Amino acid sequence: MPDTSGPDSTGTDVAVPYQPTVRTVPSRAKQRASYDRELVHSILDEAYLCHLGFVRDGAPVVLPTLYGRVGERLYVHGSTGSRPLRDADAADPGMAVCLTVTHVDGLVLARSAFHHSMNYRSVVVHGIARTVTDPEERRIALDAIVDQVVPGRSRDSRPADAKELAATAVIRLDLEELSAKVRTGGPNDDPADLSLPYWAGVIPLAHGYAAPVPSDDLDPAVPVPDYLAAL
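Residue numbering for the sequence shown follows the numbering used here, starting at 1452 and increasing by one per position.
If you're looking for bench data, these hints aren't it; they were derived computationally from the structure. Honestly, I wouldn't trust all of these hints.
Straight-line alpha carbon distances no greater than 25 angstroms define the calculated DMTMM-like cross-link-like pairs of lysine to aspartate or glutamate that follow [unchecked claim]:
(1) 1481 <-> 1496
(2) 1632 <-> 1497
(3) 1481 <-> 1556
(4) 1632 <-> 1523
(5) 1614 <-> 1594
(6) 1632 <-> 1489
(7) 1614 <-> 1641
(8) 1632 <-> 1585
(9) 1481 <-> 1628
(10) 1481 <-> 1640
(11) 1614 <-> 1598
(12) 1481 <-> 1497
(13) 1614 <-> 1640
(14) 1481 <-> 1641
(15) 1632 <-> 1496
(16) 1632 <-> 1487
(17) 1481 <-> 1625
(18) 1614 <-> 1585
(19) 1481 <-> 1587
Label pairs and their calculated CB-CB ranges [unchecked claim]:
(20) 1508 <-> 1646: 53 to 59 angstroms
(21) 1604 <-> 1467: 30 to 36 angstroms
(22) 1586 <-> 1483: 37 to 43 angstroms
(23) 1615 <-> 1487: 36 to 42 angstroms
Predicted model only: the values in this text are computed from it and were never measured. Glycine included, each C-beta is placed from N, C-alpha and C at the ideal position.
Throw the hints in and build the complete structure from the sequences for me.
Here is the structure:
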């Protein structure tokens, strides 16, 4: 694993930024790109759904799937019969992928249709996905995916048994070649449009949780755990 920290001018360890590459420098709105390690981690840790892109039979494929982060690695799991996971296992050294995570924080309404936009935070990761075969790493990865969705859940559920593990494949993607991109603020209307009689501004969007709904066959004596109540 790469060294991800180093001392600043005061001797305090700080996170070393990711290094830009040709693939991670955007062609437009370059000022919104960031390679700050802590920002990247915060964007990844706040989500649990990603889109995994790869090439299959010469054509691009993008699949929505769950993921988990452990340090400088992302893990994705699926059935051993899943085509992308089989391809990652068969390829040497692995399968080239592009993984994306996006938060939409607000709808930006401008006076002109052209300048409508969104406030967002996103991360795009390029790299080689490799199959995880080590039993301990697989256990850590699967727990991380469960806890990415609901923190604390892996300790409050039955672990996968041998049969379930045999049917589950896990791939790993190292956080090496990537960038974050963030937009904040209001609309960027042209000066000539500022006097137009159209409402302009931002409609904030918020992610929320409703009260947990128990399964029909749940023993009424089983309480809602604290980590769910905290949501």
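Taking the hints in turn, this is what the structure says about them:
1. 1481 <-> 1496: holds, 24 angstroms
2. 1632 <-> 1497: Satisfied, since the Cα-Cα distance of roughly 15 angstroms is no more than 25 angstroms.
3. 1481 <-> 1556: holds, 20 angstroms
4. 1632 <-> 1523: Since the Cα atoms of residue 1632 and residue 1523 sit roughly 18 angstroms apart, the hinted pair holds (cutoff 25 angstroms).
5. 1614 <-> 1594: With a Cα-Cα distance of about 17 angstroms, the restraint between residue 1614 and residue 1594 holds, given a limit of 25 angstroms.
6. 1632 <-> 1489: holds, 13 angstroms
7. 1614 <-> 1641: violated, 61 angstroms
8. 1632 <-> 1585: violated, 34 angstroms
9. 1481 <-> 1628: Satisfied, since the Cα-Cα distance of roughly 16 angstroms is no more than 25 angstroms.
10. 1481 <-> 1640: Within the cut-off at roughly 19 angstroms; holds.
11. 1614 <-> 1598: Between residue 1614 and residue 1598 the Cα gap is close to 22 angstroms, so the pair holds against 25 angstroms.
12. 1481 <-> 1497: Between residue 1481 and residue 1497 the Cα gap is close to 24 angstroms, so the pair holds against 25 angstroms.
13. 1614 <-> 1640: Violated - the C-alpha atoms of residue 1640 and residue 1614 are around 58 angstroms apart, more than 25 angstroms.
14. 1481 <-> 1641: OK: residue 1481 and residue 1641 at ~20 angstroms, within 25 angstroms.
15. 1632 <-> 1496: Holds, because 15 angstroms separates the two Cα atoms, which is no more than 25 angstroms.
16. 1632 <-> 1487: The hint holds at about 10 angstroms.
17. 1481 <-> 1625: Within the cut-off at roughly 24 angstroms; holds.
18. 1614 <-> 1585: With Cα atoms ~16 angstroms apart, residue 1614 and residue 1585 stay inside 25 angstroms; holds.
19. 1481 <-> 1587: Status violated; Cα separation ~40 angstroms.
20. 1508 <-> 1646: 53 to 59 angstroms: Hint holds: Cβ distance 54 angstroms, inside 53 to 59 angstroms.
21. 1604 <-> 1467: 30 to 36 angstroms: holds, 32 angstroms
22. 1586 <-> 1483: 37 to 43 angstroms: Holds, since residue 1586 and residue 1483 (Cβ atoms, about 41 angstroms apart) stay within the stated range.
23. 1615 <-> 1487: 36 to 42 angstroms: The hint (36 to 42 angstroms, Cβ to Cβ) holds, given that residue 1615 and residue 1487 are roughly 38 angstroms apart.
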